[in-house]
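**Student:** As you go down the protein sequences, you meet chains A and B in turn. Here the numbering used here = 1-based position in the first sequence + 56. Here the numbering used here = 1-based position in the second sequence + 344.
By construction, these hints were calculated from the structure, which means they are not laboratory data. Be careful, since some hints might not be right.
To be verified - Think about it this way: if two alpha-carbon atoms lie no more than 35 Å apart in a straight line, the pair counts; the simulated DSBU-like pairs of lysine-lysine are:
no.	chain 1	residue 1	chain 2	residue 2
1	B	K574	A	K218
2	A	K146	A	K91
3	A	K218	A	K84
4	B	K402	A	K218
5	A	K188	A	K91
6	A	K218	A	K91
7	B	K357	A	K218
8	A	K175	B	K402
9	B	K574	B	K668
10	B	K402	B	K357
11	B	K523	B	K357
Stated by the list, open to error - Listing some non-contacts, in silico: residues in chain B with all C-beta distances to chain A over 12 Å:
no.	residue
12	P408
13	H433
14	S491
15	R499
16	D513
17	D526
18	M529
19	G552
20	R571
21	E607
22	D699
Every value quoted in this text rests on a predicted model; they were computed, and no experiment measured them. The C-beta atom is built at its ideal place from N, Cα and C for all residues, glycine as well.
One letter stands for each residue in the lines below.
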Amino acid sequence: MAGAGDGYINFYEILGLDEDAKPGEVRKVYRRRMKELVGEIARVEITQQRRARYLLEMAQLNAALLVLRESDTREAYWSERQALIDLEQKWRDAVAEASDGADALRRQFDGRLQTFLSKYCEEWMLAAGQDKECVENSHWDAAHTRHASRILRFYRNDLYQKILERLPYAEVTPPAVDWEERARFVRSALDERN
Amino acid sequence: MLGRKRQAAAADKQVDMELAAKAVAKAACDGDIVNLRFLFGPFSPARTASSERFETQKYSYLLPDDEQEEERSFQDALELVRSRGVWAHIENEWRMSRPPQLPFELVLRLGDHAVRQGKYTSAAQAYEMLRIRARMQALFLEAADESLDHGDIARAVRGYVVASGLEYDYAAFPEPLPKTPDYQMRALVLHGDYPERPEDCLALQETGQFVMTALSYLLMSDETAARLEKRPESVRLAVLKELIECGDPAWDAFARRYREASELKREFAQRIQRAIEARTAAQGASHKNLAGEIDDTLGADPGRIPIALLGREIEDGEWWQYLKELAFLHPAGILFVSRQFIGDREIIVPLYREDSPVARTLGLLPEAAS
């Protein structure tokens with residue numbers, strides 16, 4: 057079962073590095089990964105789906121460099137991420153104890169989650185498109201930014217939904233779903249108009 | 345002072361729990377997620393702390409009439425509401441001063457009723473709250489595929505339509521929302537570029553490609569349409585026909601107008617041809633340009649064509665206004681038109697591929713009138 061902390065964007069994982077990686081190592085891995093990606097893009101036929109995937113990968117790598125290459129941005133990012141994980145666990149504990157404060161914690165967590173995802177899955181990724189080092193390595197331009205806006209919004213919402221899926225139910229009581237019954241319902245709903 | 349009066353009024357309030365139960369059952373039975381949320385919201389007439397009352401005329405829409413109370417589906421929903429665990433939970437939620445937590449049994453029942461009544465956005469929201477929406481969509485798609493395997497086109501189309509209706513737009517702002525039909529916008533996108541050559545015309549696409557474009561457009565989903573890609577052309581055509589005719593009860597009326605518009609277009613084409621021939625045969629130079637001569641010869645307004653297609657005139661209407669109206673009234677109708685300049689005026693005209701069975705199957709050809 058997915059635990060607290062799963063799903064929050066992890067720039068170290070994106071680059072395949074440990075959390076104690078030095079800035080030099082971050083740059084080195086970033087350049088290698090970006091070179092591989094740019095090379096792959098040049099080789100394959102670009103379909104609409106592939107374009108979206110490559111754009112997202114490029115944006116993720118760029119944001120990872122931008123956030124992790126400086127110690128202040130890296131520390132701020134990591135502590136925000138950890139605070140969110142802690143808040144999620146606090147909320148889960150409150151739900152498990154049926155505490156009165158559970159709803160307030162849920163709202164606080166939801167707000168912080170939205171802010172975190174918006175910041176690191178959209179703002180920083182788009183900001184990386186203006187950074188000289190990122191632009192040089194990824195050849196990011198205005199056309200990329202134009203296409204990326206919608207893709208990143210979708211990515212952010214997708215992450216949000218994935219995180220939401222594993223969190224305690226708030227709007228409804230936890231459902232007990234019998235999928236055989238669901239299949240029967242589907243069949244009867246389609247038969248009904250006969 | 346008003347707050348104190350309201351509090352005093354609320355304190356005296358007795359909620360008729362029988363009415364409250366019936367209101368909740370009605371919302372579930374009607375597949376109405378908006379009303380169900382309202383009934384659990386802070387201003388719900390079911391809450392003692394709220395000054396609103398079921399007995400007032402403005403909330404009569406929340407309560408079932410005598411006819412609905414006799415219906416089996418309503419009685420089943422009421423039985424569910426009154427079942428011990430569910431009712432205890434509901435009453436508790438009405439006492440709490442925090443965002444409500446709805447009983448999943450009720451939300452599930454509401455979603456199912458919404459599907460049966462074609463209220464797909466409501467169903468999508470209910471299933472999404474339960475986190476089963478994607479899987480329900482998959483079940484409908486599988487059932488639709490299975491129906492096609494057994495040759496039951498009508499049932500298959502129902503399945504694809506429900507699955508499409510349950511789609512969510514996770515990129516919507518400010519929050520994910522059910523994806524609602526937006527044929528008007530999609531029609532404008534399909535006809536966004538003026539066709540310079542025949543191959544640019546949507547209506548003149550090769551049959552296989554046209555049918556897939558049409559299915560993607562009508563099902564509002566490339567992924568759903570792609571499930572039909574490997575099916576024989578005859579099956580895809582049958583699905584398209586069923587999709588159009590089920591989704592548009594007035595399709596026959598549109599087909600009749602389409603044939604009239606096609607006839608008008610043919611007349612204009614013939615007049616233009618005669619004008620060209622007359623000019624060629626004429627002695628001496630004419631000071632008028634060809635367009636002017638055609639206008640003289642025609643003596644008729646090409647704007648009659650889109651009016652015939654739509655069935656009414658849009659005053660000073662541009663081609664895109666006719667297209668949007670057509671997409672609203674007959675979504676599939678825009679697949680068989682094209683933008684066309686006549687003189688300096690741009691209109692939409694009927695257009696179909698002569699060797700394609702699609703227009704014939706849908707009753708758009710002149711011989712369909714006989």
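**Student:** Now tell me if each hint is right for this structure.
**Tutor:** Going down the list of hints, with the structure as the test:
Pair hint K574/B plus K218/A holds up; C-alpha atoms about 32 Å apart against a cutoff of 35 Å. Among the hinted pairs, K146/A with K91/A is inconsistent with the structure: their alpha-carbon atoms are about 42 Å apart, more than 35 Å. Of the pairs offered as hints, the one joining K218/A and K84/A holds, with about 31 Å between alpha carbons and a cut-off of 35 Å not exceeded. The hinted pair formed by K402/B and K218/A fails the criterion: a straight-line CA distance of about 40 Å is larger than 35 Å.
Straight-line distance between C-alpha atoms of K188/A and K91/A comes to about 16 Å, which keeps the hinted pair within the 35 Å bound. A C-alpha spacing of about 30 Å is found between K218/A and K91/A, which places the hinted pair at or below 35 Å, so the restraint holds. Simply put, K357/B and K218/A have alpha-carbon atoms about 43 Å apart, too far for the 35 Å limit, and the pair is violated. A C-alpha spacing of about 45 Å is found between K175/A and K402/B, which places the hinted pair above 35 Å, so the restraint is violated.
At most 35 Å may separate the alpha-carbon atoms for a hinted pair to count; K574/B and K668/B meet this at roughly 32 Å. Taking the CA atoms of K402/B and K357/B, the gap is near 17 Å; set against the 35 Å cutoff, the hint holds. With a C-alpha separation of about 41 Å, the suggested pairing of K523/B with K357/B is violated against the 35 Å cut-off. Every Cβ of chain A is farther than 12 Å from the Cβ of P408/B; the closest lies at roughly 22 Å, confirming the non-interface assignment.
Separation of H433/B from chain A is inadequate, the least Cβ-Cβ distance of about 7 Å not exceeding the 12 Å criterion. The non-interface label for S491/B is inconsistent with chain A: the shortest C-beta to C-beta separation is roughly 7 Å, within 12 Å. Distance to chain A contradicts R499/B as a non-interface residue, since its nearest Cβ pair spans about 5 Å, not more than 12 Å. With a closest Cβ-Cβ approach of about 9 Å to chain A, D513/B is found to fall inside the 12 Å limit, against its non-interface label.
Interface exclusion of D526/B from chain A stands, the closest Cβ pair being 16 Å apart, more than 12 Å. The non-interface label for M529/B is consistent with chain A: the shortest C-beta to C-beta separation is roughly 15 Å, beyond 12 Å. No beta-carbon of chain A comes within 12 Å of the beta-carbon of G552/B; the shortest separation is about 19 Å. Annotated as non-interface, R571/B keeps its C-beta farther than 12 Å from every C-beta of chain A; the closest such distance is 16 Å.
Every beta carbon of chain A lies more than 12 Å from that of E607/B, the smallest distance being close to 36 Å; the non-interface claim holds. Annotated as non-interface, D699/B keeps its C-beta farther than 12 Å from every C-beta of chain A; the closest such distance is 30 Å.
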